[in-house]
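2 protein chains.
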Amino acid sequence: MKAWRVLESRTIVDRRWLKVHEQRIELPHGGEIDEFHLLETPSWVATLALTEAGEVVLVDQYRHGAARVSRELPAGVIDEGESPERAAKRELLEETGFASDRWSPLIELATEPGRNTTRAHFWVALGAHRVAAQSTEPSEHIAVAVVPARSLLAEIDAGVIVHGVHVAAILLAAQRGLLTL
Amino acid sequence: MKAWRVLESRTIVDRRWLKVHEQRIELPHGGEIDEFHLLETPSWVATLALTEAGEVVLVDQYRHGAARVSRELPAGVIDEGESPERAAKRELLEETGFASDRWSPLIELATEPGRNTTRAHFWVALGAHRVAAQSTEPSEHIAVAVVPARSLLAEIDAGVIVHGVHVAAILLAAQRGLLTL
Chain R
-4 MKAWRVLESR
6 TIVDRRWLKV
16 HEQRIELPHG
26 GEIDEFHLLE
36 TPSWVATLAL
46 TEAGEVVLVD
56 QYRHGAARVS
66 RELPAGVIDE
76 GESPERAAKR
86 ELLEETGFAS
96 DRWSPLIELA
106 TEPGRNTTRA
116 HFWVALGAHR
126 VAAQSTEPSE
136 HIAVAVVPAR
146 SLLAEIDAGV
156 IVHGVHVAAI
166 LLAAQRGLLT
176 L
Chain P
-4 MKAWRVLESR
6 TIVDRRWLKV
16 HEQRIELPHG
26 GEIDEFHLLE
36 TPSWVATLAL
46 TEAGEVVLVD
56 QYRHGAARVS
66 RELPAGVIDE
76 GESPERAAKR
86 ELLEETGFAS
96 DRWSPLIELA
106 TEPGRNTTRA
116 HFWVALGAHR
126 VAAQSTEPSE
136 HIAVAVVPAR
146 SLLAEIDAGV
156 IVHGVHVAAI
166 LLAAQRGLLT
176 L
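The listed protein sequences correspond, in order, to chains R and P.
Those letters in the first sequence? Residues -4 to 176, by the numbering used here.
Those letters in the second sequence? Residues -4 to 176, by the numbering used here.
Treat the hints with care, as some may be off.
In silico DSSO-like cross-links for lysine-lysine, where the CA-CA straight-line distance does not exceed 30 Å [to be verified]: (1) Lys(-3)(R) to Lys84(P); (2) Lys84(P) to Lys14(P); (3) Lys(-3)(R) to Lys84(R); (4) Lys14(R) to Lys(-3)(R); (5) Lys84(R) to Lys84(P); (6) Lys84(P) to Lys14(R).
The hints are simulated quantities; they were obtained by calculation from the structure and are not laboratory data.
Source: prediction; values computed, not measured.
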C-alpha cells in the first residue's frame, strides 16, 4: 500500500499553531484528489500522573472546540527543540504543581491520522506529589482534580472525560496494570 | 468554570470538510486571546465489528496526515441529515462488505476538544458477517483485515493501530467485556 504523491501544495493558513496546506494528490492506484487539506498542527504530550494513594492528577478546563468543560490529563504542546519527556514534566508542573521521579513512556498515538500531522506522546509519572503551586499562563484557567483511579471509568461513561485520545491512554495504562480502574 | 465569549469571528477557510474560524476571545476570568483558530470539522462514526469467531473487522489504508498506512476501525464522516447509527451501518458495509443485526452504541468522544468541533461516535456490531463486496469510492483504497481480538493489543503496542480515538474505543469495548484482548 503506497503513499500518496503531492502534485501541488499551497499553504492557505500559515499561523504559529496551524498551517493548512491545500494539495492536489495523485493516488497510487489511479486517479487524483483535486483538493485535500493537510493540517499541520503541533504535537503534544500528556501525562498520566499517579499518586501513591492510587489517585490520578487531572485538570478541568473550558475547551472551545467542544464548547464545554473537559476533564483531561495534564497536557500541552511540545516546544521547539524540546523532547516529549521534558515537555511532559514541564506541563505537569506548570498545570498542576505536581512532580515525580519515576517517569516512563506509555505510548505515542496519532490524533486524526487522516489529515492532521499531530502526534500525541503519553508519559506515566508514578508517585506523583505536589511540589509547587500551579503556574499557568494568563490565558489558561485550569482547575486541578485529584481523583481515585477507580472513578475514571464512570467519568468516561458519563462524558466528563471526553477527550478520546486521553481515554485511550488511561485505558491502556490500566491494561498494562499501572492503575486499577 | 464559564464558557469563552467570542468577540469577533472571521472565517478564513470555508471548504466542504473544513472551516477555520479566526476568533478574538474574551476569557471569563479576565483577558483576551487575540487570535484563536476554531476548526469546524465533520463528525464521524466508527464501528467495532466483531465476528462470531472472536475476530474484529479492520481496514488498512494510507493516511496522509500521518504519512503512513494505518489500521483502523471502519469509519467515515456522517452525511448531512444522517443519524450516526445509519452512517455506521453504511460505512461498515461500503468499506468492508460486512453487516450485522446486533448494533449498539459504545461511546461518543471528542477528537481534539481544544479547537476541533468533531465528535466521534462509536458503535458495536456483534455477529458481523460478510454480505457483499466492498464498494468504496475511487479515491479510497482500503484493504480489509479480519484479525483475532487477542492480537489487537500487540498491534496497538507496535503502532500498527495508531489512531488514538479508535484505540480508546477498542480498549473501552474490552473493558465492558464485549471482546477479549
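Verification of the supplied hints:
1. Distance hint between Lys(-3)(R) and Lys84(P) is fulfilled; the C-alpha atoms sit about 28 Å from each other, no more than 30 Å.
2. For the proposed pair Lys84(P) and Lys14(P), the alpha carbon gap of about 27 Å is at most 30 Å, so the pair holds.
3. Restraint check for Lys(-3)(R) and Lys84(R): the C-alpha separation of about 38 Å exceeds 30 Å, so the hint is violated.
4. With a C-alpha separation of about 25 Å, the suggested pair Lys14(R) and Lys(-3)(R) falls inside the 30 Å cut-off, and the hint holds.
5. Distance check on the hinted pair: Lys84(R) and Lys84(P) sit about 43 Å apart at the alpha-carbon level, beyond 30 Å; violated.
6. Straight-line distance between C-alpha atoms of Lys84(P) and Lys14(R) comes to about 34 Å, which puts the hinted pair past the 30 Å bound.
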